[in-house]
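These protein sequences, in sequence, are chains A and B.
Under UniProt numbering, the letters of the first sequence match residues 1 to 128, in that order.
Under UniProt numbering, the letters of the second sequence match residues 1 to 331, in that order.
Read the hints as simulated data drawn from the structure, not as lab findings.
Among the hints, a few may not be true.
What the hints assert, rightly or not - Derived contacts from chain A toward chain B, CB cut-off under 8 Å, selection only: (1) V5; (2) L31; (3) A58; (4) R60; (5) F63; (6) L64.
As the list claims (entries may be wrong) - Examples of chain A residues lying across from chain B (beta carbon under 8 Å, computed): (7) S3; (8) V7; (9) P26; (10) R117; (11) C118; (12) Q119; (13) S123.
All C-beta atoms, glycine included, are put in the ideal place defined by N, C-alpha and C.
Single-letter residue listing:
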Amino acid sequence: MRSHVSVLRLPRGPDPNGRGFDPNSPRFIALCPTTISASSETGTDSVQIREEQRARSALRESFLRTLIAMTNKQVQFHMHERVKVEAKFGASDIDVLNVQVSELHTPIGVQKEALLRCQDVISYSFDL
Amino acid sequence: MAMRQTPLTCSGHTRPVVDLAFSGITPYGYFLISACKDGKPMLRQGDTGDWIGTFLGHKGAVWGATLNNEATKAATAAADFTAKVWDAVTGDEVLTLAHKHIVKSVNFTQDSSCLLTGGNDKIIRIYDLNKPEEEPQEITGHTSAIKKALWCNNDTQILSAADDKTVLLWDRNSTEVVKQLSFDMSVSSMEYIPDGEVLVITYGKTIAFYNALSLDMIKTVDAPASIHSASLHPDKDFFVAGGDDFKLYKFDYGTKEELESYKGHFGPVHCVRFSPDGELYASGSEDGTLRLWQTAVGKTYGLWKCVLPEELVSENSDTIYCTPAAPEIKA
């Protein structure tokens, strides 16, 4: 009876949580150094890059200001699986990976203190 | 002692896989895209089958998929009456090209500047990807749905296969028919090999090889079952074919002799293509899987490892294991 060819492992299947295209893969990093498509095509145009950087800074600053404005306010979070929760926003960690909230109203009760994983949040809203 | 083929099964699709295409060889290896009736085409690393990402956006079955040579762009043709162009590195949708009916085929020019589309509205369209707002150039002539439209002869000509049982060769500039092939039945698949200008056409149980410039027939080979797709090895020594009986067949191109047949799929084989380096071929099936098959069975390549008999019983071989080909299931 002939023996079967050995394999090191099976091909990796899809990630159930995302659509893939890992931004940390060598190919992604080499071919897409920035996330704004304009600059990856005309990388040598320094005026365009400066303008893009200015726009990025403006967007980043307004995002950080919204985090400050949110402090101690009631925020509604829209999460995956059509889950909507409301809580009092405390703070975010430095990389905005997790946010600390209090009095989190969940479908199964109120949690006094909680950490929400940002990757689970689709969007959030609050009144200024 | 010859070894038995261990196909590598790529799972993830939930419906039949109807089309697949390889990119050229890039600094990051080569890639494979699969079109599936579940509407979610996937990009995989070509030599391992590892999933890289899923292109999300189509709202219907995806009938055709292709990559450009550098694997930086992808294009898909779908039942939602659109063809889409994607960034194959980020997975983002770049362009949606609205059509008036189901789109079946998409093909980039060598420099990725133009996209050819064809489908059920019987019209071949050429889109200039640098001017996507512009109306595409339209080429009419087919009297039935177009199955496949491919650039050929250095992108100066177009080959199209339709359900009207013809394969037409068009001049890109004049948009006129240069040559025509007529068959007794619909062509099930078409592959164009630029190196050597060979056209591989399948219909019924036949795999036919033509000169792509003159459309002169080179040879035909008959398989034991109805064939849906065939692919010629880059070195033109073998070709592989698959169809209704779920098996993959390997033939000697020179002698037309059937060399091997492989069971593994649980449904008809819809598409089969050799990798750009010829070391493996991929097949897509009604069973929703893609399988990778070695050209030289037993060779160390990708995830396949040539294991010497002593290594199999060694205590340190826990990273190496044998997975037999799918057991023969009796209905």
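Now the hints, each set against the structure:
1. V5: Since the shortest Cβ distance to chain B is 4 Å, the answer is holds.
2. L31: holds (5 Å)
3. A58: Not OK, violated: A58 of chain A not within 8 Å of chain B, min 23 Å.
4. R60: violated (20 Å)
5. F63: violated (21 Å)
6. L64: Check failed: Cβ of L64 of chain A comes no nearer than 25 Å to chain B, outside 8 Å.
7. S3: holds (6 Å)
8. V7: At about 5 Å, which falls below the 8 Å cut-off, the nearest Cβ of chain B leaves the hint on V7 of chain A intact, so it holds.
9. P26: This hint holds: P26 of chain A lies near chain B, its Cβ roughly 7 Å from the closest one there, short of 8 Å.
10. R117: With a closest approach of 22 Å, the R117 of chain A hint is violated.
11. C118: At 20 Å from the nearest chain B Cβ, C118 of chain A fails the 8 Å test, so the hint is violated.
12. Q119: violated (17 Å)
13. S123: For S123 of chain A, the interface hint is violated, since the closest Cβ of chain B sits about 18 Å away, which is over 8 Å.
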